[in-house]
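There are 2 protein chains.
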Amino acid sequence: SKNILNTYGNRGMTLENEIVETNKFYLDTNIAVIHKKPTPVQVVQVDYPKRSAAVIKEAYYRRPSTTDFNGLYKGRYIDFEAKETNNKTSLPFSNIHDHQVEHMRNVDQHGGICFFIIRFKPLNETYLLPIRPFIRAWDTEFDGKRKSLPYTFIKEKGFEIPFRLQAKVDYIKVIEKVYINGGD
Amino acid sequence: SKNILNTYGNRGMTLENEIVETNKFYLDTNIAVIHKKPTPVQVVQVDYPKRSAAVIKEAYYRRPSTTDFNGLYKGRYIDFEAKETNNKTSLPFSNIHDHQVEHMRNVDQHGGICFFIIRFKPLNETYLLPIRPFIRAWDTEFDGKRKSLPYTFIKEKGFEIPFRLQAKVDYIKVIEKVYINGGD
Ligand SMILES: [Mg+2]
Ligand SMILES: [Mg+2]
Chain A
381 SKNILNTYGN RGMTLENEIV ETNKFYLDTN IAVIHKKPTP VQVVQVDYPK RSAAVIKEAY
441 YRRPSTTDFN GLYKGRYIDF EAKETNNKTS LPFSNIHDHQ VEHMRNVDQH GGICFFIIRF
501 KPLNETYLLP IRPFIRAWDT EFDGKRKSLP YTFIKEKGFE IPFRLQAKVD YIKVIEKVYI
561 NGGD
Chain B
381 SKNILNTYGN RGMTLENEIV ETNKFYLDTN IAVIHKKPTP VQVVQVDYPK RSAAVIKEAY
441 YRRPSTTDFN GLYKGRYIDF EAKETNNKTS LPFSNIHDHQ VEHMRNVDQH GGICFFIIRF
501 KPLNETYLLP IRPFIRAWDT EFDGKRKSLP YTFIKEKGFE IPFRLQAKVD YIKVIEKVYI
561 NGGD
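Here the protein sequences line up with chains A and B, keeping their order.
Per the working numbering, numbering through the first sequence is continuous, rising by one, with the last residue being 564.
Per the working numbering, numbering through the second sequence is continuous, rising by one, with the last residue being 564.
If you are wondering where the hints come from, they were derived from the structure by calculation, not from laboratory data.
Keep in mind the model is a prediction, meaning the values are calculated, not measured.
Using N, Cα and C, we set each Cβ at its ideal position, and we do this for glycine too.
Mixed in with the good hints, there may be bad ones.
Said to hold, decoys possible - Among chain A residues calculated to face chain B with C-beta under 8 Å, some are:
1) V413
2) Y440
3) P502
What the hints assert, rightly or not - Which residues of chain B face chain A? A partial, calculated answer using Cβ under 8 Å:
4) M393
5) E396
6) T409
7) V413
8) P418
9) A434
10) V435
11) Y440
12) L452
13) H490
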């Protein structure tokens with residue numbers, strides 16, 4: 381059954397890694413060109429040993445100024461952020477930064493396809509939440525009041541992402557339905 | 381005169397930094413959303429001191445699997461690689477990797493806008509070279525024979541990028557002309 385496969389498929393793999401693997405499948409099968417951006421690092425000190433590769437000796441993680449993933453599907457610009465939570469009832473806002481939301485707002489305003497992929501790990505459910513309902517919630521209902529996005533909100537405004545063995549987070553299926561064939 | 385400004389503007393700044401600054405201008409003035417991707421780093425060892433930020437103690441530069449820059453302009457996906465050379469007569473192929481060309485080919489096939497930005501530093505000239513003439517050269521005339529792309533080829537198939545004080549590499553002007561209003 382789907383559930384058995386799903387449990388098997390997810391075992392030990394982060395959402396991010398499953399998306400990376402899914403993107404590889406999309407690329408190999410000529411469906412879409414979507415990549416994870418490297419984690420930004422501030423390099424402070426580098427050694428250049430003779431006859432071998434440069435070694436970074438001191439560096440610090442920097443805050444990403446954009447999102448985790450972007451790319452191209454059927455000529456459209458795709459941009460999204462992946463979040464997973466151990467919570468069953470809400471996604472904490474604590475892991476979502478202002479500048480990421482600003483970036484996603486910009487992408488939407490310039491005609492890109494922009495969304496979150498949100499996984500509730502204890503429920504084994506993964507949703508695509510378009511940026512617009514998220515922004516409305518962020519700007520009005522929740523800003524300064526709530527500290528999280530309720531599961532019920534995500535379930536109502538989002539779209540559950542189907543699982544396939546070769547595309548564990550098969551979000552292109554949802555993009556096709558929601559953005560390409562109209563809707564949202 | 382343009383030349384004086386140009387010389388002044390370029391002083392000590394790499395092409396890549398000028399593009400980053402231009403992108404900031406595009407973002408601030410709501411023209412386009414284009415970012416440089418972080419340099420990919422393979423982290424081997426990290427220290428987690430108490431009460432301060434994680435320190436990366438050993439890491440190595442990895443080869444980028446895609447290009448330097450991507451983003452969004454008027455709903456279109458934009459993807460490009462920046463190269464500068466001290467040569468006056470050609471751009472050496474040595475700095476262009478197979479996997480980058482593969483990526484750019486994929487972007488073109490999926491309907492993205494894809495190109496090189498090439499600067500001949502001694503000439504103080506910067507060109508946008510669309511991916512298609514580049515690919516034709518890469519696949520046929522030069523592959524295995526030539527080791528560089530001639531200046532004359534780039535000047536003929538490419539488009540000189542104008543300089544503005546606020547947008548030192550004003551490539552959106554060229555995109556507008558070549559891709560949005562037709563041409564290429
Ligand atoms: Mg994330
Ligand atoms: Mg480059």
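- Item | Those earlier numbered hints the structure runs against, lowest number first | Hint check: 3, 4, 5 and 6 fail, others pass.
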